[in-house]
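Below are the chains, spelled out letter by letter.
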Amino acid sequence: MTAVIRSVTNASPVNQAISVQGLHKFYGSFEVLKGINFDAAEGEVISILGASGSGKSTFLRCLNLLEMPSAGHLRIFGEQVNLKPGEVNLRIGDRKQIDRLRTQVAMVFQNFCLWSHMTILQNLIEAPVHVQRRNKAEVREEAEAMLERVGLQDRANYYPAQLSGGQQQRAAIARALVMKPRVLLFDEPTSALDPELVGEVLKVMRDLAAEGRTMLIVTHEMAFARDVSSRILFLEKGQVGAEGSPSELFGGGVSERFDQFVSRFNEG
Amino acid sequence: MIDWSFLIEVLQKLLAGLPLTLQLTGFSLLIGFILAVIVAAAAASRIRVFRWVANCHVELFRGTPLLVQIFLIYYGLGQIPELRQSFLWPFLREPYWCAVLALALNTSAYTAEIIRGAVQAVPAGEIEAARACGMSGFLLRRRIIWPIALRQGLPVYGSEIILMIKGTSLASIITLNEVTGIAYKLISSTYRIFEVFIVTGALYLLVTALTGLAISLIERRLNVHHAYRRT
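Chains as they are written, first to last, in numbering that gives the first Met the number 0: chain S, 0 to 267; chain B, 0 to 230.
Keep in mind the hints are simulated off the structure, nothing from the lab.
It cannot be assumed that every hint is accurate.
Subject to a maximum C-alpha distance of 25 Å in a straight line, what follows is the list of computed SDA-like cross-link-like pairs (lysine to any residue) [said to hold, decoys possible]:
no.: 1; chain 1: S; residue 1: K95; chain 2: B; residue 2: R141
no.: 2; chain 1: S; residue 1: K95; chain 2: B; residue 2: F137
no.: 3; chain 1: S; residue 1: K95; chain 2: S; residue 2: A144
no.: 4; chain 1: S; residue 1: K95; chain 2: B; residue 2: G116
With these hints in hand, go ahead and build the complete structure from the sequences.
Set out below in structure tokens:
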């Protein structure tokens, strides 16, 4: 309840989902992120593009604090995330706040990372029941409905190792959705998949985007980024290299660097 | 010819020592496991002194023979006058508790290593996924880390249990009448070394085989996902 009240009272008029200011991240003496400012409004689908090493995954992982930033401010639905100064990186100021916000900002990983000791259905109901403390029977029903949505209703009692990569990733997306998050983070969700399995995962993501869900996607799928996103964030060497709608950016001429990146991609 | 009636007689006498063998195993495994959890936690601690103490514990009890440990505890501790005065003496003067203590300390060193390895082998991605779902602290350990570690560590721990069952035979040296202790006595009264030890060996084999079976049944129950692993 407090979460709802706070986010209502603090919310800025544009329904800001995530806001980042002056985000820096160091690995040792290497600066991966060099002061990024970024806002995502509710309902936006933002693709984060960039060459490998540009800091795009690190950036995404800073948004739910799987990676601790070295400096900067983070607001999630208007709520300032409590960060304390540390030696190199900031430190978590309020564990409970982070745990609560993480159920609101769900993440889908490159390697699926389903819990190997649980069935698919158990994977789905784990966080809603044990973190969000929702009623198990209700969650179970929702989980089953969610599995049906991603086409895995007949795999509920299978273990992750028994599924293909594409099925595992769809299950991982379902696991994120059952928490009823307000934002979905995707960290290269199709990069670990065999080419013939990429389509089934992208289809699920397209459907989610069409529903008006707020999504931030680190991806190498150029066609997907162009067709599905409402905005592109192009990172280059830890900075925002270009930002804009897909039609602007892919039309060319906005950013020389971005054009180079895309043409290199099309060659490769 | 095989003297079946003698073998059966030996078996009956040895069976009288089986409860003690199992008791020694059970107690020392229980105490050893609790100790091992503490040692493994200390080994993973951020505090350097804890890590150092834990490493010393493991090195010391893994690096010296169990028999020497039993001797040191049974004969050695009694040499310390302060200990003889203390409340521990009623326990430490009993060979039974000395054997339990030695076995427990010994297994705690190995078990601590098994626990450390099993926890380290939990895939980082699965822990990260749990964190990303809002899990932390005890919940994260109870629901994700420990269950996965249990599945990683159980096969190795099964071997440790079997080693302990066999290890209790050393307690016979300090006068305990467990299976091997009884076998010794039978030999000194019958001089039929070969037959007595054959039956003794067979009895241990039966117990360890049953234990192995029990472990693999538990593994099977817990490891369904590995049993059907696709390649």
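Hints, verified against the model:
1. S:K95 to B:R141: Holds: K95 of chain S and R141 of chain B sit about 18 Å apart, inside 25 Å.
2. S:K95 to B:F137: Measuring from Cα to Cα gives roughly 13 Å; hence the hint holds.
3. S:K95 to S:A144: violated, 29 Å
4. S:K95 to B:G116: Roughly 30 Å between the alpha carbons, so the hint for K95 of chain S and G116 of chain B is violated.
Figure legend: structure checked against the earlier numbered hints; hints not met, in rising order: 3 and 4.
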